[in-house]
Amino acid sequence: MLTWGVDFGSIGAMGRVLHFSLRDGLPALVFLPLFLLVLHPSARTTAAALPPVPDSHGSVQLIAEDESIKPDRDSWVGMYFKLEPHWHIYWINPGDSGEPPRVEWDLPVGFRAGRLRWPYPARLNHPPLTDFGYEGEVLLLVPIQTPAQIGKTGKITLAADVKWLVCRDVCIPAEQHVALSLPVRAEVPRPDPRWHALFTEMRARCPKPAPAGWKATARSSGDQFLLSIETGKAEDGVAFFPLEPLQVEDAASKQVSSYRAGVRLTLQKSEQLVKPISVLKGVVVLSSGRAFLINAPVVQ
Amino acid sequence: MTRFVRCILGISLLLVAEPLAWAVRVGLPAPDFTATDTYGKSHKLSEYKGNFVVLEWHNRDCPYTHKHYASGNMQKLQKEWTGKGVVWFTVISSAPGKQGYVTANDENAYVKQVGASPTAVLLDPKGDLGRLYDAKTTPQMFIINREGNLIYDGAIDSKPTSDQADIAKATNYVQAALAEATAGKSVATPVSRPYGCSVKYAGSWW
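Those sequence lines, one after another, are chains S and B.
The numbering used here applies: residue 1 is where the first sequence begins, and numbers increase by one.
The numbering used here applies: residue 1 is where the second sequence begins, and numbers increase by one.
The set of hints was computed from the structure by calculation and includes no laboratory data.
Warning: the hint list may mix true and false statements.
Stated by the list, open to error - No farther apart than 20 Å at their CA atoms in a straight line, the calculated lysine to any residue pairs in the SDA-like style are these:
1) S:Lys269 - B:Leu28
2) B:Lys159 - S:Pro245
3) S:Lys163 - B:Asp163
4) S:Lys275 - B:Val187
So here's chain S without its partners, still in its complex pose (with noise of 0.2 Å):
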């Protein structure tokens, strides 16, 4: 059974449930204080303080994509963040400004956490700024990996430091320790029904790697960069997000065709792009909403 004290299962149910009422209308004074939040202690002198730090205005919960764990058979869990209207996270390439959230993993012996799989953000426009990540709520996956032997409690922990910039129009540095605790039993884990429809529609946004049938190809032409994706079919409402910062100008405009057999982009290169690159790494996201990694190799 999931303990209160160390378990952020049962909070999450509740919070859950908040967040159908959230959108139902409810103020969020109603949804902040259930939700504790660390404030990150900075030292600072008295000469440069800074005014009392606000709450982080969100949430971070470890969750499990299962409601046990099988020693030896590897599962999936995930960084739950929930956050208040108009604030956002950011995605590993925060594009402009801002800073991607990072774990530090606290495991027992033997286990090993994957590293975060991260759904395809959401372009945050603030002119001349744009950054990539998001608002509401995202789950970054991460898999992890169980030993055949488990210690003899039948029961796990699973812990971890997140710390995470969370931002509208300022920005606030976040930190917050996180523990889920887990039943090991012999039998094949079931999914826990709260978290089932949560991992499959994040899961679902993650790039795949691209079919093996696309050719993606990035022509270096002046102040641009010309990708062209071949998948096949016409492809229409396509978003690019370059993976590595520096190479694309992310509040450029982008010009988006789509031809008989897939799509071309035209991206204006970064400013700060001083030495040719050899490969265009991207996320590519389809109308359908489904995400490919791209690796374009750039050819003059």
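Starting from the known structure of chain S, fit chain B onto it as the hints suggest.
For chain B alone, coordinates are given in the frame of chain S:
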């Protein structure tokens, strides 16, 4: 603000900004400008040809700026390099009503309080200088050499966090660039991704 209105605003601002889109590039002459400091004195960049010039974009309430001021890191850089004849301009492009906006008197008191020693603080509430240089974050650092060419554009250092503990572990790109350039060497890292809060230009954005 509806997405439609945001979109129109974005496009119109882009049309205004577009002619300047390629004005700033490492290796090219830094754009000339005239700006007023917190004592009402006017400064023109081209007057300082023959000196190295540092432009430091600043917002005292941004956690990333705060990281470098509360630790004394920025003040240390300012003191060392102004002592060696570098002209250091702290630039504030926050629009009135936005985070980081200050009056001249307020800023002068702050400079004394935190022990900063820029050559001058340039007030840019309309954001003209910020947009001219395409300043995106606070802090963001630009270094101009004696011939008036831009030799550095980017972050103050290599650890893009708001943690003071990361300062000691980071490579300070400004320190490195000034040390190399003043010794007649080429700058090893002329660009880096600037990190920080967005510069708070005029115009609401959400």
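**Study point:** Hint consistency between Lys269 of chain S and Leu28 of chain B [alpha-carbon to alpha-carbon, up to 20 Å]
**Key:** holds, 16 Å
Check your understanding: Within a Cα-Cα threshold of 20 Å, do Lys163 of chain S and Asp163 of chain B meet the stated pairing?
Key -> holds, 10 Å
Point to revise | Hint consistency between Lys275 of chain S and Val187 of chain B [alpha-carbon to alpha-carbon, up to 20 Å] | key: It holds: about 14 Å lies between the C-alpha atoms, which stays within 20 Å.
Review point. When you check the alpha-carbon spacing of Lys159 of chain B and Pro245 of chain S, does it fall within 20 Å?
Key: holds, 15 Å
Hint compliance for this structure: no hint is broken.
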